[in-house]
Each structure stands twice: as structure tokens, then as C-alpha cells.
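K.L.:
Below are the chains, spelled out letter by letter.
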Amino acid sequence: MLSSFILRRLLAAAPTLLALVVSTFLIIRVLPGDPAIFFASSPVPTAEEITYVRQKLGLDRSVPEQLVIYMSDVASGDLGTSFTTGRPVLTELLERLPASLELALVALLLAVGVSIPLGVTAAIWSGSPLDHAARAISSIGVSMPTFVTGLILIYVFFLQLGIAPEPVDRIDIFIAQPPRISGFLLVDSLLAQNWEALSSAAQRLALPSITMAIFVMSPLTRMTRSAMIGVLNADFIRTARAMGLSDWTIYVRYGLRNALLPVLTTGGIVFSTMLGSNVLVERVFGWPGIGGFALNALLASDYAPVQGFVLVMGVLLILINLTIDISYGIADPRARRST
Amino acid sequence: MTRLARASLSFKGAVKGALIAVLALTAWVLGPAPVGAQNRAETVRVTWPFETSSLDPAGAGVQRSTWGISWHIYDRLVTYELAPPLNGVQLFRSDKPTGDLAEKWDVSKDGRVYTFHLRGNAVFQDGSPVTAEDVRWSLLRAISLPTTKFVLNVGGLTEEAQLKVIDDKTLAVELREPNRYLPLALSTPFAPIINAKQVKPHLTTSDPWGGDWLKTNAAGSGAYSVTTFRPDQVALERNDKWYGPKPAMRWAIFQTVPEDTTRVAMIERGAADIAIGLTPNAIEGVERRGQARLRLIPMDNQFEFLAFSVQSKPFDDVRVRQAIAYAVPQDEIFHSVFMDRGLKLFGGTEKPAHATFPQPQAFSYDPGRARKLLADAGFPEGFETTLAYCTCKAEYFESLAVTLKDYLSRVGIQVTIEKYPGAKFGELQTAKRMPLYLENQVAWLNLPDYWVRIFYRGNTRSNFSGYANANLDPLITRADGAKNQAEYDAVASEMIAIVNSEVPLLFFRQAALEVVVGKDISDYPYWFHTLPDVRSLKRN
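First to last, the sequence lines map onto chains A and B.
Counting from 988, one number per residue, gives the positions in the first sequence under the numbering used here.
Counting from 160, one number per residue, gives the positions in the second sequence under the numbering used here.
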């Protein structure tokens, strides 16, 4: 049954999460640098102030003791407090998660929307200049680091041409934000019928999502292309052609539908990668998501947000993989019988 | 026509149709930006790299952003006069403290009692008047919390008993000995005047000073009040009850923008008005493009230097330190590393020309003399050592370190360069485990004996070289007891002469603060804390 399948998978994931939390905790504490000194930032930091800050950070105890305290806090839902923002980590992550998800989803839709047609046409006319061009373009996209692509886009579209808004935040500061229902600004503005907010949010989503989409186009295009080529060589396609079925039926209904299965898996992997790699994109675009938050915290030796971020990412990835497995089962009847 | 050809045509048609649809959508999305409710002309937008974790400047581990915000939402008893504008900048006059929340103050004949008279029309943002009891509680708080007490202790304020409420608008501070630092300490963001009446209901036994409440709530009298407080965006609105000259900007927004090139781009595009925390890379081309103004503000309360670890060999020998001072081509460095920005701290005389600190040191580029000194100290073949700096200050220090390595090798000193991230650097600095390192520092109280006290004495992190000299203590005592400016200046000159010739810290320059300002913004004030102050800004 589906529910027992889900339950078994979640239980199997628990040890992974535990190992993730503990190893992150220990690795961070092995990093060089004393956060108490770093945060005791007044012009003349005295020993007394440093001790005071260390005590507030909870770093005056031994590492095993800190670990036990941390684990019990996590079990009760307390992920600690961020020193750089002054607010509880869980609050920060929950508030910022929709921003990261919205960005990743829009980027995925963009990437899929471009990659699949591109991959299909490359497969249908494989070997042609179009095929080579499609592969070359997508390779260029993946060879540049995301922050380089992002900075180039900002330079061209914001600084030189002035058609993109400033790369800060999700919405223009002078526009009233719609009331928060889902946390996704596109959805919330639609629900509130606030067209100004919708337009502004879409404008600000444009560059960062394009940046991320460029990066993931390559695996999606190539996977679509090779899956399509594999399917188009199959017997049932030859039969369909021989029977005189329309091209739409051959290529889309029969071809693409079967080729989509590996593309689905790639899409899931790509989405997970995006959630991780959006750390730099969020920083470059001043996007208030969990990635930028964790990066700033790490650079400032602020431990709790980094640990919280890793935990949240671990949970998200497990859920994404679970969703892919389930949808695989739905899309492909052959997979269902084997679970 | 073959089936495939027809299919290609219709497929291409479909692709074309899709492309047109996408272009139309893009055109709509990237259409003209909508106009908002808040008036752009009356709003000033500051962009900085910091997040703001607290509204309470006495909070543990707060960043500079908190001091910047508190400057606007709280008032202090004392401030400084601002000099008339020069090149679009108004420098604070460290020699001219003046009344802020305290209209004026009297000093008793023996110099031990300071009586502060509060302004009659001063009210807090909730409407209640500013009383001497609020001031007493605020100062008591400042001397009780570890993050703020040091500066007030330097001013001679250490105990509750020293604070005396005379009447509703008058507070006296009784010092044990005369101390010229008291008014200056009271001008720092560490001594904000808080509305005690508003905070008291929120005090608890575990939080007797209201730190938790003041972290997210402002209880001040300042020129601006807080409308929204998010770590990445703090929005302020003008407080019309403020006693000072009415600010021209009705709203002020302090926006966190992590990338410095983005901050500058925003000013050039007119999306923001002030950008700070900039590197030479980010400001390159600003003047040439002419879409924003670059302000290079010489900081006369800052210095950049090479610190010797005088507690370990070979830098415990003054001859070795002086040798290095003679081996360094200061002119060359000022020109090619620092691009002629800032104020030189070399080329001075052995006897200080003024009783201000830092004074230019008197060494010149003389490699022959450097070698001789090294030989005298027992290192005719030179020696090996490491030179460190913080990656957080790499913009200038990277090329400075390479230049020093080159020139020191010419007198036989082989240098290995080490770079450390902020937290690690701070740890090594506090433990005094770096033989040589590059650093810069801002001093909020700009008196010579303060500099000597903090940077050349004691066991704190700010005694960068771990220097100790028994001759300095009696001089500091004499400075404390100086009866007039002339006597103080004489003692200060003696102290300066000692530390400059002993050179536990080799100076390079006083840096220029790099700020990019929108073209229509008026004169920019520079305060000792180097953070923006929007209260006097106007749009031309």
C-alpha cells in the first residue's frame, strides 16, 4: 500500500538525518576561529565581554555537552538562535523557505520549458546543426558557475540596460506586500489581486531564476535527447509510423511520454541540486532565502543557522526523492509491480 | 510534400508560436516598474553589507548596523560639532564636543563633578518627557552590561553612586578624579538615553536590564522611529517631536545588500542613495562613469599599521623593529598600494609636531641603515618570519603584504604570508600568536592618551603588539592630572615621541573611507563610528 510504502521510506531516512545533524555539528566546531571573539565586536573587546558573548553563544561548555543540549533542543523543535539576525533559527528558516522554493520551482519550470522542447527537437533531427547547437548552448550554461552567470546578467540587464530591477529582495520596497498565505509571492499577489505586487515579484524573479535555469539546462536537455532517441528507435514507434498515425501522436503521445521517465528522475536530481546551489545565487541577488541566510551565517561563524539549514535541506531532499519514487510508480505501471 | 516535411513545418510553426508567446510574456514582466505608496524623493535608502540583529546597542555580539540604527532612534547626552562642508563631506570635530540631549554641562572647579542640563523640550517618541531619572537609569544600564561598560569606565563612570539626580532636568556625575573623557564617552552609541518608564514593565529577574525587549523595541527620543525591523531591512520614519533641526528625509531605509558591486550599481542606477562597506574594486570607475559621487573621506581617528609581537623574539628588540621601519618604502607604498588615498603617517619628525595621535613617524627609506641595525641586533644574515592579515581586510592588505615581503627580503628578512578568516584571525590576535601582522583600527575617542592607553598598554586584544613600557604609566597619570591644554599637550607629546620611536606599531596611513553617494544627495557627515547619518541629508 502507498501509505505503508511512505512510512517505511521515512523510517529508513531517520538514521540518515541523525548522522547528518551530528556530523554537521561536529564539523562546524572543528572549523578554525572562535566565534565569541568574532562577535565581541565592540571597539575595545575586553576579556569580560568575550566571556559574556561566549556564554550567550553556549560555547562555554564542552563539545559533547553542547551536542546533547543541541539534540534535545532539536527534538523539541528549537533549532537555536541566529547571532547575525538575532531571531530563532526555525523562525528564520520557515520564513525564508518559501522564497527559496519559489525561486527553485520557477527556475525548474523555466529549465524544463526550454530543455524538453530543445531535447526533443535535437532528438528528432539528431546529427543536424540544430542538435549540435542545442548541446553546445546547454554545455556553456553548465560550465559557468552560477554566481558568474548571475553577475553577468545583473551587469547587462540592470547596470547597463536598466531593464531589470535592482537585485535585492523579492519585491519592490515601495509596494505594499500582499498578505502572506502560501509564502509564494506570485500566488499570494494573485489571491489578493494585487497586480502591482505580482508584476514586481515576477520582475525580481526573472534574473535569478534564469541564472539557475541556465545552469541546469544541460543535464535536462541531454537526458531528454538521449531518452527520446532511445525511444524513437523502439519497435512500437516504427509500428506507429507504419500504421500512419499523426506526427503529434508518434512523437508526443507515444515518444515523449515514454522518454519522460528518466527525465523525471533527472528533474528531481536537478531540483535537489538547485536547492543546494541556490546559496550563491541567493547571495548575489540578495534573495531572502534559506541558502543566502546559511551562507552569511557561515561566513560570520554563526553556527546554529548552518546546522539548521543542513537539517532542513536533508529533510527536503528525502521528501523530494520520496515524491519522485511515488510519481515514478504512478507514471510507469511497470515500476509499481516491483515495489 | 512528405509527411515528415509537413510535420517539421507545423512543428516549427508551433515553436514559433511558443517563442512569440514567451516574448510577449517577457515584455509584460519587464515592463515599467510600478510606482509605490512611499514617496521616493522623501526616502533615503542606505545599502550596507550588515544584517541588523538587534535595536539595542548593548546587546551581546551586535554588529555595526545596530550602532548605525541606534544613532537615529536614540539620542545621547553629548555630540560633536560638524565642520563646514568640504568636497561634499562634513567631518566631525573631535575637539568640539557639544550638547545633544543635554543642552549644556557645567564642570565643577576641581573638575570632578559634571552637571548635565537636559533640554526642556526633549520628549521620548511615546510622548513622555525625557527626565534625569531616565538618564540615570540609562547610564546605570550602560555601566552594568559588559558590552558597554568599558568606554564609560574610561570616562571615570563606574558605580551607581556616582549618578545623582538633582531635579527633573538635571543630572550630576561625580568622578573620583578629573577625567576629560566623560563627555566623550557619553557621545558614543554605548550611552543611549532610553525611556526607562517604557522599559521597566518588561524587566524580569533573569533580564534585569530589558535586553530581550529592547532587542526588538525602540524606546528612544531620536530623530527617527522604527516602522519595520527585519534583519535585512530596517525602515525608519521621521519623528516630528524631535528637538533637533527637522530632517529633510521623511523615511529612511537601511537595506542589507551582501555584494559590494551591487550596492554601487544600485546608487548609479538611482535605486538607492548611499553605499558603504566598499572595496577598491567596487568603486573603480564610479568617478569615470559620473552617475554617482565617490567620497573618499580621510579618517583622522583611524590608522593602518604593521604590528610586531614584541613579547617574542626577534621583535622584542627595538633595533629589529626600527630596522624594518627603515626597510619599508613608505612613499612607494602610499602611491601604488593605497593609490594616494588617505593621510600619510610617515615623514614626520622625531619630536612630534602636534599633540594629536596618530602622528607621522620619523623613519625614512634607508635599507643600509636597516641592515646595520639588524647586524647590531645580532641578525647580520637576516631571519625568517611570517606576516599575517585577515581575509576580511584583503583589499589593500594583500598587495601591501606582497610589497613588504619583497622589500624585507632585500635586507635579508624572509617572510611567509599567512591569510586567516575573521574568526581565526581574532583568536590568534587575542592570543598574540602572530609575529607580524597587518591591521587597521578606528578609535572612537580621539585623544592621544586614550590611544596610548588602549593600543600600547594592557592585556586586551587591542594592545596589538603586546607592548608594555613602564615609562608610559607615570605619563598617563600626569595627563589625567593636567590642569590645562598646554600641560596636557606637553605630556601627550612625550608619550607620542616614545611610542613612535619604539615603534611596536609601524604606521602606514590613515585610510580614506570609501562611500558612494547619489548625485542629488547633499553633504555627507562623517562621524567617528564611520556609519551613515541621514538626519542632515537633503536632496538637491
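Derived by calculation from the structure, the hints in this document are not laboratory data.
Treat the hints with care, since some could be wrong.
Stated by the list, open to error - Lysine-lysine pairs mimicking DSS-like chemistry, simulated, CA-CA at most 30 Å apart:
| hint | chain 1 | residue 1 | chain 2 | residue 2 |
| --- | --- | --- | --- | --- |
| 1 | A | Lys1043 | B | Lys308 |
| 2 | B | Lys564 | B | Lys591 |
| 3 | B | Lys503 | B | Lys255 |
| 4 | A | Lys1043 | B | Lys583 |
| 5 | B | Lys578 | B | Lys510 |
| 6 | B | Lys591 | B | Lys552 |
| 7 | B | Lys400 | B | Lys472 |
| 8 | B | Lys308 | B | Lys328 |
| 9 | B | Lys531 | B | Lys583 |
| 10 | B | Lys583 | B | Lys472 |
| 11 | B | Lys328 | B | Lys356 |
| 12 | B | Lys323 | B | Lys308 |
| 13 | B | Lys583 | B | Lys642 |
| 14 | A | Lys1043 | B | Lys531 |
| 15 | A | Lys1043 | B | Lys472 |
| 16 | B | Lys642 | B | Lys268 |
| 17 | B | Lys359 | A | Lys1043 |
| 18 | A | Lys1043 | B | Lys552 |
| 19 | A | Lys1043 | B | Lys400 |
| 20 | B | Lys503 | A | Lys1043 |
| 21 | B | Lys400 | B | Lys374 |
| 22 | B | Lys510 | B | Lys531 |
Unchecked claim - If we take Cβ atoms under 7 Å as the criterion, some of the chain B residues that face chain A in the derived model are:
| hint | residue |
| --- | --- |
| 23 | Gly220 |
| 24 | Phe309 |
| 25 | Thr386 |
| 26 | Pro390 |
| 27 | Val416 |
| 28 | Pro417 |
| 29 | Met425 |
| 30 | Gln573 |
| 31 | Glu577 |
| 32 | Gly581 |
| 33 | Ala590 |
| 34 | Arg616 |
Heads up, the beta-carbon is just placed ideally off N, CA and C, and yes, glycines get one too.
K.L.:
Does the structure keep A:Lys1043 and B:Lys308 at a Cα separation of 30 Å or less?
P.N.:
Status holds; Cα separation ~17 Å.
K.L.:
Check whether the Cα positions of B:Lys503 and A:Lys1043 lie no farther apart than 30 Å.
P.N.:
violated, 41 Å
K.L.:
Below or equal to 30 Å on CA atoms is what counts here, so check B:Lys328 against B:Lys356.
P.N.:
Holds, because 15 Å separates the two Cα atoms, which is no more than 30 Å.
K.L.:
Per the CB criterion, is B:Pro417 less than 7 Å away from chain A?
P.N.:
Where the cut-off is 7 Å and the nearest Cβ of chain A is about 5 Å from B:Pro417, the hint holds.
K.L.:
Given the hint that B:Lys583 pairs with B:Lys472, does the C-alpha gap stay at or below 30 Å?
P.N.:
holds, 23 Å
K.L.:
Under the criterion that the straight-line Cα-Cα distance not exceed 30 Å, is the pair B:Lys564, B:Lys591 satisfied?
P.N.:
holds, 21 Å
K.L.:
Hint check: B:Lys503 vs B:Lys255, CA-CA at most 30 Å. Holds or violated?
P.N.:
holds, 24 Å
K.L.:
Hold the hint about B:Glu577 up to the distance rule: shortest CB distance to chain A must be less than 7 Å.
P.N.:
violated, 12 Å
K.L.:
Are the Cα atoms of A:Lys1043 and B:Lys552 separated by 30 Å or less?
P.N.:
Since the Cα atoms of A:Lys1043 and B:Lys552 sit roughly 27 Å apart, the hinted pair holds (cutoff 30 Å).
K.L.:
With the threshold set at 30 Å, check whether the alpha-carbon distance from A:Lys1043 to B:Lys531 stays at or below it.
P.N.:
violated, 52 Å
K.L.:
Go through the hint on B:Arg616 and say holds or violated, using the shortest Cβ distance to chain A against 7 Å.
P.N.:
Since chain A brings no Cβ nearer than about 12 Å to B:Arg616, farther than 7 Å, the hint is violated.
K.L.:
Please verify whether B:Lys583 and B:Lys642 have alpha carbons no more than 30 Å apart.
P.N.:
violated, 44 Å
Comparing the model with each numbered hint stated earlier shows that hints 5, 7, 9, 13, 14, 15, 19, 20, 25, 30, 31, 33 and 34 do not hold.
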